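Student: Sequence:
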Amino acid sequence: MLPTSIATAALLLVLTFIASDRIARADALPAALTEDDAAEYELAFRALDRGRWEAALRHAGRAEEDLPRQAVIWLCHQSLDCPSSFGEITRFVETHPAWPRLDRLRRRAEEALGHAVPDARILDWFAAYPPLTSVGTIHYLRALERTGDRPRLRREARAIWRTTLMGYSDEHEFRQRYRDLLSDQDEIDRLEWLLWEGHVESATRQARRVPRAYRDLAEARILLRTMRGGVDAAIARVVPDLADHPGLVYERLRWRRKKGRDEEAGNLLRWPEMQTVRPDLWWQERAILARRAFSDGEISRAYRLAADHGTNDGADFAEAEWFAGWVALRFLRDPEMAFPHFRRMFERVSYPVSLSRAAYWAGRAAENGGKPEVAHQWYAEAAKHSSSFYGQIAALKLPAGERPGLPVEPNPTATQVQAFESGQMVKLIRMLQQVGAEDTVRVFIDHMSENLNDPINFTLLAGLARDIGRNDLAVRVSREAIKDGVILSGTGYPALDMDGSQIADTTIVHGLIRQESGFDIDAESHAGARGLMQLMPATARVVARRENLRYERDKLTAEPQFNLHLGTAYLKSLLERFDGYLPLALAAYNAGPNRARRWAEEFGDPRGMTLEDQIDWIESIPYPETRNYVQRVMEGITVYRQRAAGRHVALRLTSAAGY
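Quick note on UniProt numbering: the sequence shown kicks off at 1 and runs consecutively.
Treat the hints as calculated values from the structure; they're not laboratory data. Please read these numbers as outputs of a predicted model, since none were measured by experiment. Heads up, a few of these hints could be off.
Stated by the list, open to error - Taking lysine to aspartate or glutamate and the EDC-like style, the derived pairs with C-alpha atoms no more than 20 Å apart in a straight line are:
no. : residue 1 : residue 2
1   : K427      : E402
2   : K258      : D241
3   : K258      : D280
4   : K371      : E421
5   : K397      : E625
6   : K483      : D454
As the list claims (entries may be wrong) - Now the in silico label distances, taken between C-beta atoms and shown as ranges:
no. : residue 1 : residue 2 : range
7   : E602      : R261      : 30 to 36 Å
8   : D522      : D119      : 46 to 52 Å
9   : A116      : Q418      : 43 to 49 Å
Just so it is clear, CB atoms sit at the ideal spot from N, CA and C, and this is done for glycine as well.
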């Protein structure tokens, strides 16, 4: 590893070089808006921030350039305070089919429906855009009713009733008009849907409309779901034919798990045929019970719970297969049992993080099973994903000459740049950034990135974000790009001015910031963490006092260097507390130092472990968020270190020297 001072200087030099062509391209472009138009749109977006829609539209109407005016109208149509009509909103949706948040506009259009809209228009609209709200469904059914097409009305009313959430008044109106079109089975199906979706209040109302046997079943399920008293008596009232109903068994399982009666809960998982209904919910319960069994040393039970998961695809399938394979390999010491789990996971996932994880562990299983050539193939497969934690770990299993470095970002041609810059949304993004509409810029860049699938346009979009000074959006684009296997190793890993950092090795700080806030200086979490390094105000206050700095909460987002100083000082204290060992320090930063210390006591102190055991320690962290956090920060640090060195640099879980 480079000395930290050299690494930092090298990193900044490399990043400056990478950004230079983007900055030159941006500087070469003329201003997106004239001064007069920019002034009007600045006033328009300020008015929007204050909810003054008439003023916003008035200022937008004075400008020559139309594109930002469309954005003002688009924002207006999304707000309940803006008096947009059904016709205005639907015309906008039809003429702007590639714009973001069309579902939100469709909901607003349905809420704006009035009696003046002709039935033919309503039916044409809902034929192309099915209702999303209960208000919309009622208007749709009324229009359908007036056509006299009774069979179609009955078919649509039944389908809507079975799976549409409605408030009390909409429910009442629906039943007043269409109750005679519904069968007992429709009422039961709606109750089932509401209960599985967890809509307890609506399910309580619906239970009054079903036959007595299903009403008793619903009462038992609701009492179990809400953890209220009287569950035993309620379960006893369920008729024998419904006693093994999957919904009731699921709620009993969940209730027992929440009460800490894990073994009794596990007994209810013996009938996998029940778990074909909502396998995602059944897996959530299995996953919790499997992790608890693992933590309690009940390894065989943990394996069985995971291996019998019953899911077929998606993130739940991947996690279930991985956990079963990991337990079989590392704790049951059975590589032959483990290998098929990792192979199945590899065959059904697509994201590089999951592909590299599956391939690395398949390599480990093959290696432990005495198949070195097969292991090498799997390690090489995992190492292809050089920006992922397990890809970087897998590279350590390969000879030095076979370890892949970071791929170079695609270099767009002048024709490709011109085509990209001529796009309507790209032009609009530049205009919006020019007038300070930063939140709206984020929505459009997010929307574009979610609809791209080729390396060139991902590179250009991330470059656009960097051009307009939005490192945070460049990171967001890179996160979408990596899902398609595109590593934006330049624009996706921004560098900051580290003046004020209390940690010399700024690759650590960059890796942490990328995961914490994605370089969004205004970021604020649901829990209240703020700024670049996502500091909780209480923690920041304590650190500020220790650093002899005046604490002001607003400065955590208003002054990035203040946040950086406090955040790096706090991280440094954690590194000192845990002897520079990054996984422990990062776990402490995410979940608190007391939890990190407790995990070191519970699962062993990783500082004295082999590399393989250190990986197991990370995977043993009980909190999924923290497990993921440690891996994502570590992989980011390694990318920054490779960038600084200009060559492959191995991921290191050992102590961080010179922090």
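Student: Within 20 Å, alpha carbon to alpha carbon, are K258 and D241?
Tutor: violated (27 Å)
Student: For the hint 30 to 36 Å, verify it against the beta carbon of E602 and that of R261.
Tutor: violated (22 Å)
Student: Does the beta carbon distance between D522 and D119 stay inside 46 to 52 Å, or does it fall outside?
Tutor: At 47 Å between Cβs, range holds.
Student: Are A116 and Q418 spaced within 43 to 49 Å by their CB atoms?
Tutor: For Q418 against A116, whose Cβ atoms are near 47 Å apart, the range 43 to 49 Å holds.
Student: Take the C-alpha atoms of K427 and E402, compute the straight-line distance between them, and say whether it is at most 20 Å.
Tutor: Roughly 43 Å between the alpha carbons, so the hint for K427 and E402 is violated.
Student: Need the status of pair K371, E421: alpha-carbon distance at most 20 Å?
Tutor: violated (52 Å)
Student: Taking 20 Å as the top limit, are the C-alpha atoms of K397 and E625 close enough?
Tutor: violated (27 Å)
Student: Below or equal to 20 Å on CA atoms is what counts here, so check K258 against D280.
Tutor: holds (18 Å)
Student: Can the restraint linking K483 and D454 be considered satisfied, given a maximum Cα separation of 20 Å?
Tutor: Within the cut-off at roughly 11 Å; holds.
Figure legend: structure checked against the earlier numbered hints; hints not met, in rising order: 1, 2, 4, 5, 7.
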